[in-house]
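In case you want the letters, here they are:
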Amino acid sequence: MSPRDAVGEISPELGAIRQVRRRPKLSWSMRIGAAVLIFYVAVALISLVWTPYDPLTPGVGDGYDAPSSAFLLGTDRLGSDMLSRLMVGARYNLGITLTAVAIALSVGTTIGVIAGYHGGAIDTVVLRAVEIFQAFPGLLFAMLVVQAVGPGIVNVILVLSFVGIPDYLRLARGEIHSRRSWQYAEAARMVGNPPWRVAFRHLLPNSIGPLLAFTSINAAFVALITASLGFLGLGLGPNTPEWGNMIARGQDGVMTGQWWVSFFPGLAILGLTGAFYLLGDAVSDLTDPRRRR
Amino acid sequence: MRGRMILRRLLWVFPVAFGVVTLTFFMARVFNGDPTELYAPPEATDALRAQIRAQLGLADPLPVQYFHYLADLLRFNLGTSFTTGQSVASDLSDRLPATLELGLVGLTLGIVVGIPLGVIAAVNRERWPDFLVRGATLSGMALPQFWVGLVLIGIFFVNLHLLPGPVGRLPIGVALPPRGTGFMLIDTLLAGEPALWWLAVRQLALPAFTLGFSTAAPIARVTRSAMVEAMQSDYIRTAIAMGHGRRVVWFRYSLRNALLPVVTLIGGIAGHIFAGAVLLESIFAWPGLGQYALQAIERSDFAALQGFVIYASLLYVLAFLAVDILYMFIDPRMRA
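Going down the list, the sequences are from chains C and X.
Under my numbering, read the first sequence as residues 1 to 293, first letter to last.
Under my numbering, read the second sequence as residues 1001 to 1336, first letter to last.
It cannot be assumed that every hint is accurate.
Now the stretches of chain X that chain C is said to cover, found in silico as 3 or more residues with beta-carbon under 8 Å [as the list claims (entries may be wrong)]:
id: 1; stretch: 1042 to 1055
id: 2; stretch: 1273 to 1279
id: 3; stretch: 1291 to 1299
id: 4; stretch: 1322 to 1332
Pulled a few chain X residues facing chain C out of the computed Cβ check, cut under 8 Å [unchecked claim]:
id: 5; residue: 1027
id: 6; residue: 1153
id: 7; residue: 1158
id: 8; residue: 1162
id: 9; residue: 1164
id: 10; residue: 1316
Hints in this document: simulated from the structure, not taken from any laboratory.
Positions of the beta carbon are idealized from the N, C-alpha and C atoms, including for glycine.
Generate coordinates for the entire structure from the input sequences, incorporating the hints supplied.
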């Protein structure tokens, strides 16, 4: 009989308490956020093999068909099917957002850890550079660069990740900087670990909570900027079924009563950014001791 | 002590400003290439092109251009816009009031709605008012501003005919009041035309509401979480134990302590808003700074772009400076 069973034997109440404590309950924001995100990924994957109509072909219906059983979400000005375009759009908006965030997270964190752990001149120079860069308006920077280097999905991703790097850098730097003289860091150094190992293997994993929470919130922001660039017609080709781009194409329709062309892509964006915000909330509830309840 | 802290903080503005100015100069040129083609007629000879390039101030090598640019800046000369043909400084000051007017009304709306919503959510934590507010703030932050604007136009202008369409600060064909302050809501009253004032209010309603909606959301959210944290603290337990009423505990103890992060947030938002909401202004044809910047990017108008970026980033730095200074007065720990 294991000691744990023995406790249950002697005092059933204690055994019950043990049971309750074992696994933290998944919060509602985590469940909803994850479910929505999985749904978007599923739609993006399905759109690779099946959409109701060809999303890029104009004229599968008449221009501005209202939502009906043939075209569930209606058609746009050129008669393309809205549902098909929305499905393919998930690929663009989700793909661009996730890739850009992954790049910003890895590059920003790496530089931030080095600056925070090393301290001294490197730290000062990096921080000052970041401060100057952050005073530059983010959306404007993205517009400027994309306008200049020309459209293309790779350009959009690179610009968006570049805009995100300073935030990750500052966060990681702050985390590492505040911990580098803690005793467990000291202990790791004393047993002979090289500095990079102390920084990345011993200190960084302890900061994963705040970093993940921020990543999720930042993903929501990046998804919004992606749509904004698309709305301005920067970055991707004019017929690309990116959601912001689709809203822009429906702008005239709003004035003449064909609301659905702009309306549904907005809902799609709401779902994506909302899911990222919910996940961010859930992660910080789990990892931030001040918010644990 | 406090004076020295403020002074150090103020002095730090200069190196940041210099960095921004330099970054802007090289970004504009490296990324946006040679705008001569935009301004030269297609049949122009090489000589004419060279002449245009010289007129645009692009004939010199980059370091020389940079030097001229810095020298001009020191004399507060932002250069001349290629597109409008006017000095950038006067272009910016022409458009500033439109952005400020929209921004001030939107921000006020956001604060006046956002903070009470956050308080209501916090004191009803995990009950239905809380869930309602959290749902509303989530959608306020997750929806693109330009989409909210379009939907509101669709509802209030196209369908209900309650408010005017997105044609700027006054309906098309209405004569402008004489320009005094540049604020339409003040100028119309100064001109003694209340009817015109009402027209301006109606034009402002939808963009200001859109801005207020997306501003109130983060403010309510931060107010809520800061207040929830405050309510769980020991000093609140003490205050309750001392027998203070709920209202005193909520407003005098917890809200006051929760305000610090809210002030920071409002500072950041103000920095963004007063730099011109590019997309919002373009949807409502609002003749503010955001539209000016968009135009400058599309037409490779270096001087205009530089002028705008310098203005926007200084504004941003100043907004945070204001927050830092405000902190020293609000936060008793910094009163040392």
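Results for each hint:
no. : hint         : verdict
1   : 1042 to 1055 : violated (count 0)
2   : 1273 to 1279 : holds (count 3)
3   : 1291 to 1299 : holds (count 4)
4   : 1322 to 1332 : violated (count 0)
5   : 1027         : holds, 6 Å
6   : 1153         : holds, 6 Å
7   : 1158         : holds, 6 Å
8   : 1162         : violated, 15 Å
9   : 1164         : violated, 13 Å
10  : 1316         : holds, 5 Å
The earlier numbered hints that this structure contradicts are 1, 4, 8, 9.
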